[in-house]
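> Here the protein sequences line up with chains A and B, keeping their order.
Here the first sequence stands for residues 1 to 238, where the numbers follow the UniProt record's numbering.
Here the second sequence stands for residues 1 to 238, where the numbers follow the UniProt record's numbering.
Treat the hints with care, as some may be off.
The list makes no distinction among identical chains, and a pair is therefore deemed to hold if it is satisfied within one copy or across any two copies.
[As the list claims (entries may be wrong)] Simulated crosslink set (SDA-like; lysine to any residue; CA at most 20 Å straight-line):
no. : residue 1 : residue 2
1   : 191       : 36
2   : 62        : 229
3   : 49        : 232
4   : 191       : 223
5   : 23        : 161
6   : 62        : 230
7   : 191       : 221
8   : 62        : 36
9   : 62        : 32
10  : 191       : 2
11  : 62        : 232
12  : 191       : 131
13  : 191       : 78
14  : 49        : 178
15  : 62        : 234
16  : 23        : 116
17  : 62        : 231
18  : 191       : 216
19  : 23        : 221
20  : 191       : 217
21  : 49        : 216
22  : 23        : 220
23  : 191       : 213
24  : 49        : 230
25  : 191       : 222
Just so you know, these hints were derived from the structure itself, not from any lab.
Protein chains: 2
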Amino acid sequence: MRVEIWTDIACPWCYVGKARFDKALAAFPHREQVEVVHRSFELDPHRAKGDVTPVLTMLTRKYGMSEAQAQAGEDNLGAQAAAEGLEYRTRGRDHGNTFDMHRLLHFAEEQGRQTALLDALYRANFAEERSVFTEGDERLVELAVAAGLDADAARTVLADPTAYADEVRADEREAAQLGATGVPFFVLDRKYGVSGAQPAEVFTRALTQAWGDRPPLTLLDDDGAEACGPDGCAVPQH
Amino acid sequence: MRVEIWTDIACPWCYVGKARFDKALAAFPHREQVEVVHRSFELDPHRAKGDVTPVLTMLTRKYGMSEAQAQAGEDNLGAQAAAEGLEYRTRGRDHGNTFDMHRLLHFAEEQGRQTALLDALYRANFAEERSVFTEGDERLVELAVAAGLDADAARTVLADPTAYADEVRADEREAAQLGATGVPFFVLDRKYGVSGAQPAEVFTRALTQAWGDRPPLTLLDDDGAEACGPDGCAVPQH
Numbered sequence: 001m002r003v004e005i006w007t008d009i010a011c012p013w014c015y016v017g018k019a020r021f022d023k024a025l026a027a028f029p030h031r032e033q034v035e036v037v038h039r040s041f042e043l044d045p046h047r048a049k050g051d052v053t054p055v056l057t058m059l060t061r062k063y064g065m066s067e068a069q070a071q072a073g074e075d076n077l078g079a080q081a082a083a084e085g086l087e088y089r090t091r092g093r094d095h096g097n098t099f100d101m102h103r104l105l106h107f108a109e110e111q112g113r114q115t116a117l118l119d120a121l122y123r124a125n126f127a128e129e130r131s132v133f134t135e136g137d138e139r140l141v142e143l144a145v146a147a148g149l150d151a152d153a154a155r156t157v158l159a160d161p162t163a164y165a166d167e168v169r170a171d172e173r174e175a176a177q178l179g180a181t182g183v184p185f186f187v188l189d190r191k192y193g194v195s196g197a198q199p200a201e202v203f204t205r206a207l208t209q210a211w212g213d214r215p216p217l218t219l220l221d222d223d224g225a226e227a228c229g230p231d232g233c234a235v236p237q238h
Numbered sequence: 001m002r003v004e005i006w007t008d009i010a011c012p013w014c015y016v017g018k019a020r021f022d023k024a025l026a027a028f029p030h031r032e033q034v035e036v037v038h039r040s041f042e043l044d045p046h047r048a049k050g051d052v053t054p055v056l057t058m059l060t061r062k063y064g065m066s067e068a069q070a071q072a073g074e075d076n077l078g079a080q081a082a083a084e085g086l087e088y089r090t091r092g093r094d095h096g097n098t099f100d101m102h103r104l105l106h107f108a109e110e111q112g113r114q115t116a117l118l119d120a121l122y123r124a125n126f127a128e129e130r131s132v133f134t135e136g137d138e139r140l141v142e143l144a145v146a147a148g149l150d151a152d153a154a155r156t157v158l159a160d161p162t163a164y165a166d167e168v169r170a171d172e173r174e175a176a177q178l179g180a181t182g183v184p185f186f187v188l189d190r191k192y193g194v195s196g197a198q199p200a201e202v203f204t205r206a207l208t209q210a211w212g213d214r215p216p217l218t219l220l221d222d223d224g225a226e227a228c229g230p231d232g233c234a235v236p237q238h
């Protein structure tokens, strides 16, 4: 079974939702047969690469709320994150463009390091004091290396804005086709969707339902083509 | 959409069948949205690693056929391969254990190099004069490098017989669960199966049917959990 999770590194509910999903998956009896793939979804794709704002400023501008209200929202998120055992820095986080991080996540997927990099990016963005937005490519290279990627290879990907750009855009088109308007968005075997940072029990139910619903395989054109089996290679006589 | 192909490097119909499938896929309008994964299936899993036999000897022993009959079978395969534009060496090929190649293919999958390595292994086994069975690990390392893998990393995988062994066994268990008794065995979205080296038209029909049959996504527990969208992160009031 395959679970695809559309996500953005700048999305606090993705950070919390992944922890809830991971909890459900860890207890799922067939977890060894579940493959998880992370897909790209930028919350703020039109923000320029260098345009970095404190999260609180972004919130007050976007919603016309007071700084105290914005801070209360961050505190609420911090509490929800803590309930999942996650660190969350409720003061002084930055908001910015995440396109390069998504490109790097696609490179990491090819290298079998996608989950490790996503966890490193989440942790860096939500829990660490240093910004993932203001220190340039070398900060992301550092996180890539922590996730087991080669520094020079990561640097090369980051230096070329077209590298893995099509893959990010393709994920975003697919999200739209699947009807996702926000993230996190979980898709199980392209059959069931779960939207938002649902409680772990919801993910458990979704995994169980999708697992139980896998259809039996329908063999197409099964009139015997050439194949090899343990007894050798047969050449049908027609 | 995802197509999984169970295959063995020692399986001539897998070599031919992959070319026919590739032809169908190249002409499939949604090919960019089709992901292909190669799965392991050993035709001769109980053969010891060092036990290498000429293919003709294996065929005469296994079927009690004459060497001339075995050679006629190889010539027939060579003709079918040629019809797909593939080179096929009908004289002097070897037969042996392919477990290490499957382990290496799983490593290559992690590195995004699986198809390149499979093509290199097929070509080496079916078209090249040098044996893939008698020259030891370094021959496989050479092919791994040709497929874009790191030589030392490939050497490390090959030197440790437990590396990726579980992944190979898991593929083989899954093949049995899906009802595959021979290879190549193609599985589309875990819904449709195609067995054997069918003509390209059959693969075209299977791709078209599986694509058209993708179910619309069913949203589970869609009563609004916390999510972030282009308009920001919402906290539901319940």
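> Quick check: which numbered hints come out false for this structure?
The structure conflicts with hints 5, 8, 9, 12, 13, 14, 21, although it agrees with all the remaining ones.
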